[in-house]
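Each chain, letter by letter, is given below.
There are 2 protein chains.
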Amino acid sequence: MARVLVPFAEGVEEIECLAVVDILRRAGVEVVLASLDGQPVTGRSGVTIMADAALNDVADEDWDMVVLPGGLPNAHILRDNPAVRKVVERLMRARKSVAAICAAPTALAAYGLADGRRVTSYPSCREEMEKLAPASVYVDEDVVEDDVLTTSRGPGTAIAFALRLVARLCGEAAAAAVRREIVA
Amino acid sequence: MARVLVPFAEGVEEIECLAVVDILRRAGVEVVLASLDGQPVTGRSGVTIMADAALNDVADEDWDMVVLPGGLPNAHILRDNPAVRKVVERLMRARKSVAAICAAPTALAAYGLADGRRVTSYPSCREEMEKLAPASVYVDEDVVEDDVLTTSRGPGTAIAFALRLVARLCGEAAAAAVRREIVA
Numbered sequence: 022m023a024r025v026l027v028p029f030a031e032g033v034e035e036i037e038c039l040a041v042v043d044i045l046r047r048a049g050v051e052v053v054l055a056s057l058d059g060q061p062v063t064g065r066s067g068v069t070i071m072a073d074a075a076l077n078d079v080a081d082e083d084w085d086m087v088v089l090p091g092g093l094p095n096a097h098i099l100r101d102n103p104a105v106r107k108v109v110e111r112l113m114r115a116r117k118s119v120a121a122i123c124a125a126p127t128a129l130a131a132y133g134l135a136d137g138r139r140v141t142s143y144p145s146c147r148e149e150m151e152k153l154a155p156a157s158v159y160v161d162e163d164v165v166e167d168d169v170l171t172t173s174r175g176p177g178t179a180i181a182f183a184l185r186l187v188a189r190l191c192g193e194a195a196a197a198a199v200r201r202e203i204v205a
Numbered sequence: 022m023a024r025v026l027v028p029f030a031e032g033v034e035e036i037e038c039l040a041v042v043d044i045l046r047r048a049g050v051e052v053v054l055a056s057l058d059g060q061p062v063t064g065r066s067g068v069t070i071m072a073d074a075a076l077n078d079v080a081d082e083d084w085d086m087v088v089l090p091g092g093l094p095n096a097h098i099l100r101d102n103p104a105v106r107k108v109v110e111r112l113m114r115a116r117k118s119v120a121a122i123c124a125a126p127t128a129l130a131a132y133g134l135a136d137g138r139r140v141t142s143y144p145s146c147r148e149e150m151e152k153l154a155p156a157s158v159y160v161d162e163d164v165v166e167d168d169v170l171t172t173s174r175g176p177g178t179a180i181a182f183a184l185r186l187v188a189r190l191c192g193e194a195a196a197a198a199v200r201r202e203i204v205a
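Chains A and B, in that order, are what the protein sequence lines are. With the numbering used here applied, the first sequence corresponds to residues 22 to 205, in that order. With the numbering used here applied, the second sequence corresponds to residues 22 to 205, in that order.
Honestly, the hints are just simulated from the structure, not real lab data. We put the CB at the ideal spot given by N, CA and C, even for glycine. Just to be clear, a hint being listed does not mean it is correct.
Here chain B is said to cover these stretches of chain A; the calculated rule only asks that three of the stretch's residues, wherever they fall, bring their Cβ under 8 Å from a Cβ of chain B [stated by the list, open to error]:
1) 29–39
2) 46–58
3) 68–77
4) 171–181
Input sequences plus hints: build the corresponding full structure.
Here it is as structure tokens:
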């Protein structure tokens, strides 16, 4: 069974976070939703979501993928957190999957992981992406894949993003089955 | 400011529930997410979400809309809860809005509120809908509106559903603005 880590913090975009967890779990993937301290997190729209774990307790485990949801200040908190950076860099080195949506691709750009790659983000983050990763290629598509990296735009693209992550981990047939199940 | 009540219970579909709350709040609508006892609720995909209130403490307040999310057993628990039935029937009588998605339209059918109306639901609930509401007209569309009633199909249609609810409460321009904001 594939294992996916989803770190999240105050101001997380609820749809982006929960669509990823819900859709990956529907595909049989083990997902751990980890806040920095293990405490519940209140999202940008005021919904408080419980964490499965504290990030530092689980970050060093074996993961097949790490997914960074968007929403502010969540995306900035994740970007500036050493444990998030460490697990993202470790997975990239190991050629495991790294994914980010909305404002969170800016974290990957800040870590120097977007240069030389096709990427997208929330539209208003484009300038920041291009400044942080001048050698990246910014693409105006809902979901953009480049090798181990998957990026996406916002809450309205979160379901398509999550289905692409299922396809990556479990294959296209599994993603098609979940797509039918959720009537997408 | 419009006020919307979203009752939810164990097994709620996380995307359906949170897309409604998130998107309505982005439009400036006051949304109260009410569990039956005010305690947190664990959804069908294992995410635990805090409640804003206990249903019995708020059900008798003035509401412009009540929205029933899907997921099981949530939809059955809501259907069988007297306070849910009472507030749904009160809003229908007052010609306020009532909305349901996925398995939750079966609650409206069970209350006798779907007869004579165009409705939809999660595809596998169609037979139950037609049995409970033989005088309803079942429609295979993502979001179906008939007078004060709005119904929808599943997680994959939850964002379109929520945007229609914004249009109903705040107007088409507001819905278009939120649609752009969420990149839908």
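These are the hints, each one checked on the structure:
no.	hint	result
1	29–39	holds (count 4)
2	46–58	holds (count 3)
3	68–77	holds (count 4)
4	171–181	holds (count 6)
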